[in-house]
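Following the hints, put chain B in place on chain Y, whose structure we already have.
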Amino acid sequence: MKNPLINFFKRIEPDKKNSPFLHTVYEGFFTLAFTPDHVTSGKGVHIRDGMDLKRTMVMVVIALQLCYIFGTYNIGHQHFLALGEYQNWWQGIHLKIAYGLIQLLPIWVVTHVVGLGIEFYYSYKRGHGIEEGYLVTGALIPLIMPPDIPLWILTLAIVFAVIIGKEAFGGTGMNILNVALLARVFVFFAYPASISGDEVWISGLDKVDGRFIGAEYGWAHQFFDSIFKGVGWDTFGAGKQAVVDGFSGATPLALAYQGGWEKASAAYTASDMWWGLIPGSIGETSKPAIIIGALMLIGMGIASWRIMVSMVLGMSFMGLLLNWWGATPFMEVPWYYHFYMGSFLFAMAFMATDPVTAAGTQRGKWIYGFLIGAIGLIIRVLNPAYPEGWMLAILFMNVIAPLIDYIVLQGNMRRRARRAKVQA
Amino acid sequence: MDADNIIRLRKGYNILLDGEAAPKVEATKEVKTYALQPPNFPGMSPIPKLLVEEGQIVKAGDPLFFEKLHPDVQYVAPVSGEVIATRRGPKRAITEIVILADKQIQYRELEAFDYNNRSREDLVRFLLANGGWPHIRQRPFNVLASTDEVPANIFISTFDTAPLAPDLNHAVNGREKAFQTGLDVLGKLTSGKVYLGLNAAGAPSKAFTEAKNVELRWFKGKHPAGNVGVQIHHVEPISPQRRVWTLGVQDVITLGGMFSERRYNAERVVALTGSELNDPKYVRTYLGANLGELLGGNTKGENLRVISGDVLSGEKKDPAQFLNFYDDQITVAQEGNYYEMFGWLLPLKLRPSVSRTFPNFLLPGFRFRADTNTHGEKRAFVMTGQYEEVLPMDIFPQYLFKAILASDFEKMEGLGIYELVEEDVALCEFVCTSKQPLQEILRQGLDMMQEQS
Numbered sequence: 001m002k003n004p005l006i007n008f009f010k011r012i013e014p015d016k017k018n019s020p021f022l023h024t025v026y027e028g029f030f031t032l033a034f035t036p037d038h039v040t041s042g043k044g045v046h047i048r049d050g051m052d053l054k055r056t057m058v059m060v061v062i063a064l065q066l067c068y069i070f071g072t073y074n075i076g077h078q079h080f081l082a083l084g085e086y087q088n089w090w091q092g093i094h095l096k097i098a099y100g101l102i103q104l105l106p107i108w109v110v111t112h113v114v115g116l117g118i119e120f121y122y123s124y125k126r127g128h129g130i131e132e133g134y135l136v137t138g139a140l141i142p143l144i145m146p147p148d149i150p151l152w153i154l155t156l157a158i159v160f161a162v163i164i165g166k167e168a169f170g171g172t173g174m175n176i177l178n179v180a181l182l183a184r185v186f187v188f189f190a191y192p193a194s195i196s197g198d199e200v201w202i203s204g205l206d207k208v209d210g211r212f213i214g215a216e217y218g219w220a221h222q223f224f225d226s227i228f229k230g231v232g233w234d235t236f237g238a239g240k241q242a243v244v245d246g247f248s249g250a251t252p253l254a255l256a257y258q259g260g261w262e263k264a265s266a267a268y269t270a271s272d273m274w275w276g277l278i279p280g281s282i283g284e285t286s287k288p289a290i291i292i293g294a295l296m297l298i299g300m301g302i303a304s305w306r307i308m309v310s311m312v313l314g315m316s317f318m319g320l321l322l323n324w325w326g327a328t329p330f331m332e333v334p335w336y337y338h339f340y341m342g343s344f345l346f347a348m349a350f351m352a353t354d355p356v357t358a359a360g361t362q363r364g365k366w367i368y369g370f371l372i373g374a375i376g377l378i379i380r381v382l383n384p385a386y387p388e389g390w391m392l393a394i395l396f397m398n399v400i401a402p403l404i405d406y407i408v409l410q411g412n413m414r415r416r417a418r419r420a421k422v423q424a
Numbered sequence: 001m002d003a004d005n006i007i008r009l010r011k012g013y014n015i016l017l018d019g020e021a022a023p024k025v026e027a028t029k030e031v032k033t034y035a036l037q038p039p040n041f042p043g044m045s046p047i048p049k050l051l052v053e054e055g056q057i058v059k060a061g062d063p064l065f066f067e068k069l070h071p072d073v074q075y076v077a078p079v080s081g082e083v084i085a086t087r088r089g090p091k092r093a094i095t096e097i098v099i100l101a102d103k104q105i106q107y108r109e110l111e112a113f114d115y116n117n118r119s120r121e122d123l124v125r126f127l128l129a130n131g132g133w134p135h136i137r138q139r140p141f142n143v144l145a146s147t148d149e150v151p152a153n154i155f156i157s158t159f160d161t162a163p164l165a166p167d168l169n170h171a172v173n174g175r176e177k178a179f180q181t182g183l184d185v186l187g188k189l190t191s192g193k194v195y196l197g198l199n200a201a202g203a204p205s206k207a208f209t210e211a212k213n214v215e216l217r218w219f220k221g222k223h224p225a226g227n228v229g230v231q232i233h234h235v236e237p238i239s240p241q242r243r244v245w246t247l248g249v250q251d252v253i254t255l256g257g258m259f260s261e262r263r264y265n266a267e268r269v270v271a272l273t274g275s276e277l278n279d280p281k282y283v284r285t286y287l288g289a290n291l292g293e294l295l296g297g298n299t300k301g302e303n304l305r306v307i308s309g310d311v312l313s314g315e316k317k318d319p320a321q322f323l324n325f326y327d328d329q330i331t332v333a334q335e336g337n338y339y340e341m342f343g344w345l346l347p348l349k350l351r352p353s354v355s356r357t358f359p360n361f362l363l364p365g366f367r368f369r370a371d372t373n374t375h376g377e378k379r380a381f382v383m384t385g386q387y388e389e390v391l392p393m394d395i396f397p398q399y400l401f402k403a404i405l406a407s408d409f410e411k412m413e414g415l416g417i418y419e420l421v422e423e424d425v426a427l428c429e430f431v432c433t434s435k436q437p438l439q440e441i442l443r444q445g446l447d448m449m450q451e452q453s
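One line per chain: the protein sequences are Y and B, in this order. Under the numbering used here, think of the first position of the first sequence as 1, with each following residue one higher. Under the numbering used here, think of the first position of the second sequence as 1, with each following residue one higher.
Listed below are several chain Y residues computed to face chain B (Cβ distance under 10 Å; list not exhaustive):
1) L5
2) D405
3) N412
The list that follows gives simulated cross-link-like pairs (lysine-lysine, DSSO-like), each with its CA atoms no further than 27 Å apart:
4) B:K59 / B:K177
5) B:K378 / Y:K125
6) B:K317 / Y:K43
7) B:K411 / B:K11
8) B:K349 / Y:K43
9) B:K402 / Y:K43
10) B:K378 / Y:K10
11) Y:K421 / B:K402
12) Y:K17 / Y:K125
13) B:K177 / B:K193
14) Y:K43 / B:K222
15) Y:K263 / Y:K287
16) Y:K43 / B:K411
17) Y:K207 / Y:K240
18) B:K349 / B:K300
19) B:K300 / B:K317
20) B:K281 / Y:K43
21) B:K29 / B:K316
22) B:K24 / B:K222
23) Y:K16 / B:K378
24) B:K349 / Y:K10
25) B:K177 / B:K188
26) B:K24 / B:K316
27) B:K402 / Y:K125
28) B:K317 / B:K24
29) Y:K43 / B:K316
30) B:K378 / Y:K43
31) B:K103 / B:K317
32) B:K24 / B:K206
33) Y:K43 / B:K91
34) B:K188 / B:K212
35) B:K349 / B:K316
36) B:K300 / Y:K43
37) Y:K421 / B:K193
38) B:K91 / B:K68
39) B:K317 / B:K349
40) Y:K17 / B:K378
Don't read these hints as lab results, they were simulated from the structure. Glycine included, C-beta positions come from ideal geometry on N, C-alpha and C.
The shape of chain Y in the complex, shown without the other chains (with noise of 0.2 Å):
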């Protein structure tokens, strides 16, 4: 080996039979930095793809970085608004980037420390590599939770959604249910009352006496306080501002619940729930920081642009059918706003495209994702204790997709079976 850097890795290398778990973590890091010099066996293909698991699932990550960043910079935003202070998009977005990362960091954080964690232990445990399946998720869970998670909440979830959810089954491509998703149904249903209602979408407001104020700004804050008055820039300053008159915190979906579009559409311009500049998770509510992550997956042939398109389809008809019913004022949203509120394009290009979850055949995933438009779109509009429908809608198709492929496997066996009864 001419490198010194391998060289010195090498050196390094725990003893496989003295410290199985350190050379499990060792084994995934140097794969990380150098692909291995592994070569065909000889039985088989001599030559390989150039793609493998990590490139693939790195694309993921890459393509979800416009939403980090939109993300990081709409919490402050949402934070501000509601104080009253910066409201235009383009003030005090030094504030609001540092206020966004105050948020998210330990949010990322505490999701890559617990979920890679359990992921180590149980690679040492099955005694292979470790598999890249949690780069993906761990990239997804933050950008699907609100602003203000608590912490032990979120390693709670994300506890129960590993575990439960991808280890029990064996691992990266045995699961049955989106993991990603499960950390997030687990935060819903678990703790119904510290975050969900209208509250826990907009970061840093503190309930006194059943009105709103701005909570007070911690270390970090006055970290990042410091040095901006270095520069002569806007500072955070102490906190405890009252919220603006009329504050409700609601998102678009909610308030189209209550009073269909026009409510939406009076307290957010139709142009900012486009852009994303309204309350909601983390990554979900700019549009085009989300469609440009799903033509890179599509272009890049990463994720099935069958599923994508079909979830819009199914959508579109179902939000028509709707609007032909009539019945309440959310059913006369008209279908195409559907697609500016809530979280609809996120699950699409991101949560139903996830391969090992979704339909597997070329034909199933045209019914999937079509299936998880209608769904979804019938639980956000006539399921009152649920604004949102795309989480359970699918978490449910994950388990029929399964049942989706088989009839399109008997299909395929039906078709040979009757040529052989020809044949003989």
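What follows is chain B alone, placed relative to chain Y:
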């Protein structure tokens, strides 16, 4: 060629590699040793009954051995000369019977056999006794053709779409008469038809396009459109009740020569290919030629892998070993036993890939210098729809492989395992993101099904 009659295959992928054989056929005098290798025949018992001893002089066409279970099938010498070695592998299995060839090949003269007026039984007996039979393979399972069954049809693909595969026009050039005779003989062996698959994207030799007593079928598409298994699927699919035979073009020529030239002439045009050759070309030699002698000083550099066959479904060989019975190509590739820093993320070397995450689409027609690195580690099945994109058959490969791993016989049969052999799924194995050994899995499944039946 009638434009309406072309079977167009949309799915598939051509792996473009550096080291295509130059379109000229050279005679070679370099090769001195040839071997018949019992492991080349699927289902062969490890220790067949030898009919020759070391030091014995044989003529081309003299029987060398037979298998105790099928004593009527004779395996004959491809060249004349002295038997210099019978090499054994693990558990004393006979792996090679090596012949030091004469400068001028002596042929055993065969009886003049009038296949037009003799019975099918006599014809079968003639082929069995004189070494023609092992050239015929039977599907499902890709095994030795059974002697007591009449095949539904016989299929021959006249083109090979595998990476760097030889252009079979060179093989038939000058042997047109033997090829046509071979086709005529095959016509007497089946109750159905003899199908010839032709390349609609190329310029097939007149020996193919004007062949008589056969059905021509034109195919247009990327690899594996040239695989006979894919062609069968689109002409008349196989089922367990419907066995078919397949032959390579050069096997048909050898078979025909037994009648038109009255000798077992196992001459082979072999393509020497691969990026690690100084001079990739075609050579005229005989079946079972020694690989090292064939390559001579043609290779460059060290740390090479010599493959009998193509890079997708060939066999890794030592240069001291021999060309496999059914192969007409040798590929030499660079071994890939190196570490690559962040190779999965920012590869420094160009590599073939179907993935659009590489900038390969900017280089249409670029010929890659591929090595044997796996470019990643084995993982569970994660991606879906990848295999379907490169397999132009009405089959769900991923579900078939899962059925094999679960030993679900009913599903294996239902999902079409009988229609596949290893070479058909080789491209699926190449594109597999999870680096699964799909050809091995398929063989495992085929063996299971064969035991059951």
